[in-house]
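Peer 1: Residue numbers (my numbering), protein chains in the order written: chain U, 92 to 476; chain F, 856 to 1202; chain A, 16 to 146.
Where hints are given, some of them may not hold.
Unchecked claim - Okay, derived cross-link-like pairs now, DSS-like style, lysine-lysine, Cα gap no bigger than 30 Å in a straight line: (1) A:K126 with F:K1172; (2) A:K121 with F:K1183; (3) F:K918 with A:K55; (4) F:K1118 with F:K878; (5) U:K355 with A:K55; (6) A:K101 with A:K118.
FYI, nobody ran anything at the bench for these hints, they're computed from the structure.
Everything numeric in this text was worked out from a predicted model, so none of it was measured.
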Amino acid sequence: MREVAIIGVGMNKWGELWDKSLREIFIEAALSAIDDAGIDRIDSMYIGSMSSGLFTEQEHIASLLADYLGVAPIPSARVESACASGGLALRQGFIDIASGISDVVLVGGVEKMTDVTTGGATFALGTAADQEYECYHGVTFPGLYALIAKAHMHKYGTTREQLAMVAVKNHKNGSKNPLAQYPFEITIDDVLKSPLVADPLRLLDCSPITDGAAAIILCTVELAKKLKKDPIIKIIGSGHATDTIALHSRDDITWLSATEKAAKKAYEMAKKTPEDIDFAEVHDCFTIAEICVTEALGFFEKGKGGEAVEKGLTALNGKIPINPSGGLKSKGHPVGATGVAQVVEIVKQFREEAGERQIKNARIALTQNMGGTGGSALVHIFEKE
Amino acid sequence: MVGIVGYGAYIPRYRIKVEEIAKVWGADAPSYKKGLRLEEKSVPYLDQDTITLSVEASKNALKRAGINPKEIGAVYVGSESHPYAVKPSGTIVAEAIGATPEVYCADFEFACKAGTEAMHVCYSLVKSEEIKYGLAIGADTSQGAPGDALEYSASAGAAAFIFGKDNIIAEVEATYSFMTDTPDFWRREHQHYPRHGGRFTGEKAYFRHILGAARGIMEKTGTKAEDFSYVIFHQPNGKFPLKVGKMLGFSQEQIETGLLVPKIGNTYSGSSPLGLTAVLDIAKPGDRILLVSFGSGAGSDAFIFRVTERIREVQDKAPKTWDIINGKKFYLDYGTYAKFRGKILKA
Amino acid sequence: MITPQRYWREIPQRYRLEAGKCKKCGYICFPPRLICPKCKNREFETVRLNDEGKIASFTIIRVPPEQFSDLSPYAIGIIELNDGVKILAQIVDCDFEELEIGKRVKVEFRKIRSEGEAGIICYGYKAVLLE
């Protein structure tokens, strides 16, 4: 297996981008990444997009975007694993290079979510759950995560305030990220007074609906060195696992088993343990998700994720900073782009280009991206050489 | 011996009081409460219709019958509020209880009498040995026009009866029906609410047919009022059954157990059948029961049942009707009731 | 939109809670599957799930999908049935304050949704609290 490096990243301001189409949003990010990498060659590309069909009535976007990027006829594939589509695109790019098939790969993610009504967006997102045995009964994504939250609170004593603290922390980080959709701070009180969406989750426990894209350029470490890239940022671990997409079919609905198993594989490949990780970008689609994820990744004991936030362990200056970018909560959640944007943040941190949210002396970082209520999970570990 | 082998009731848990309706329409609540003996009525939730009520009543009937639903050879739902104008309620009920595919099925409609007609057909099919068991259901989610007198009573409920030859809890001793063409109440195709002939619905409709059927069956069998432990009449309000009972020589005690209308309203096709379930809940072996339905348009079916020893074994196997009525309830304001009943026009 | 054929295909599960019980290890799959996720056996017998159970978790949906807007707000729970199988279902006929993890419920047959005023009516299971 060949070693894989990241040599370019691209991401523009996220939000409700009324005047931009899916293709414009994506091409802007892809061009930024290509410029950042300073290369004139791409062998193949992988694009994570959950539901361009339902959001924009456009399928077949892999070819469309290769064409608009001016790189056709190179192979281009769209990959889908609901909200983990971006993370999956990263893994496919990683495998492509590691296996020796391609030397330079563009990995991107995009979602244009505001071309439909709110009801239309809710429906499209809902398709990540079991259509016949979850959605049929009228459950929504906030509803499914609320079921997890309620059970987690009941089982471990996680508090409503602890959930709010996740949002407060991520907004604090996001306020220092000029690309974030909602770059402002909020208080616990703001969260607790925001409208209930699905008890106990409130509006400010939920990530927003976002238009956005992100792109990165991968190549062999050998090529990165030849190009005199500094620092050399390597992907040293990649793990991917699945679980039932129906939440109720799991033995323990508070435990993200796919994340645990993907992390195990990534740690093994990277020869690292949770203690080695300096910071992480994780999938906080809802506040409860970040709590469960930090447990499944082994950063904290089962049931202690809420307590960890409260103690400030996941803050920017904490033991293990989680979501320095602002996370899905503040930065936005253009579903397919999220898993790629997480890597953009890792690279910016490693290059010490993260401005006010810069974490000092970080050398090992992790991204975790998941689909649905955790029916799919991708974990990647990165090292700054 | 042919008769009932299992019975079950189901009544929605939502209620609206007569006062709450009267308040909205500026009507005189006491005249409904005292004059017609109506206190409150059941209201189906947004997710309930004749089919869902029928399924739940049938599940209760199956619990009491203790039979394999595959042995049910006919499913007849009698109702004036079938959710589909075209597409049977019965197939959905049959599928839900597991009686398909070897089963006779069609929906019945005869104003408030469709349930007893379904009972009569099931009884006859069992008697003629066409089927082993037959499931007859009377169920409705009836609607009265906003502000109309019927709005105070039109309600929702279902009663289900399984007829058979073995393990009978109440034998059918006799049946009798009395029909004429009497336009006392109707609903035209595509109309949301029914219309009625006002006071014409009394003497020439309800009383004439109930008296005709009751007198006919008693004459046919040589029985008198005092030969019955209980009698159940169709109950569009609380006054008519008592009045017709008195005309036939029945006491208030004979009528009261099966008189549900003050507490749940007129459940139309479920009305007298639900009264019968309440009576069977407390009946003793040997009790003789007279049931007389009435359906506008118009006609009455009369049945004489004789309760058997097996009644004691089944009474506690499913919820009892008065326990359902007195159980968990949620009272609605008129606005919520109007929403539940689809009376609010939306964009 | 749910087409009649897509709805019809699931009727045994929606109406009767029909599940597949693995003939080898006894694991109950709801809905039925072609291969047992526990022991990989491929032979099943059709069983009907117990219609009583308890609340494993619940929430109140206050921002519903469009087809469910008339019901809003409504409760949804994960119900652990007596045979150990978990299902997701609405919990109806309750005050939200009554809901608690562990409370006993039973399944009732209800209308789940309908495709507008003229389309098919879709039925299925919901939970109600046991009294």
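Peer 1: Given the hinted pair K101 (chain A) and K118 (chain A), is their alpha-carbon gap at most 30 Å?
Peer 2: holds (14 Å)
Peer 1: Would you mind confirming whether the straight-line C-alpha gap from K1118 (chain F) to K878 (chain F) stays at or under 30 Å?
Peer 2: With Cα atoms ~19 Å apart, K1118 (chain F) and K878 (chain F) stay inside 30 Å; holds.
Peer 1: Given the hinted pair K355 (chain U) and K55 (chain A), is their Cα-Cα distance within 30 Å?
Peer 2: holds (24 Å)
Peer 1: Regarding the pair K126 (chain A) and K1172 (chain F), is the alpha-carbon distance no greater than 30 Å?
Peer 2: holds (26 Å)
Peer 1: Does K918 (chain F) pair with K55 (chain A) here, judged by a C-alpha cut-off of 30 Å?
Peer 2: Given pair K918 (chain F), K55 (chain A) is violated - Cα atoms ~36 Å apart, limit 30 Å.
Peer 1: Within 30 Å, alpha carbon to alpha carbon, are K121 (chain A) and K1183 (chain F)?
Peer 2: holds (14 Å)
Checked against the numbered hints above, the structure breaks only hint 3 and satisfies the rest.
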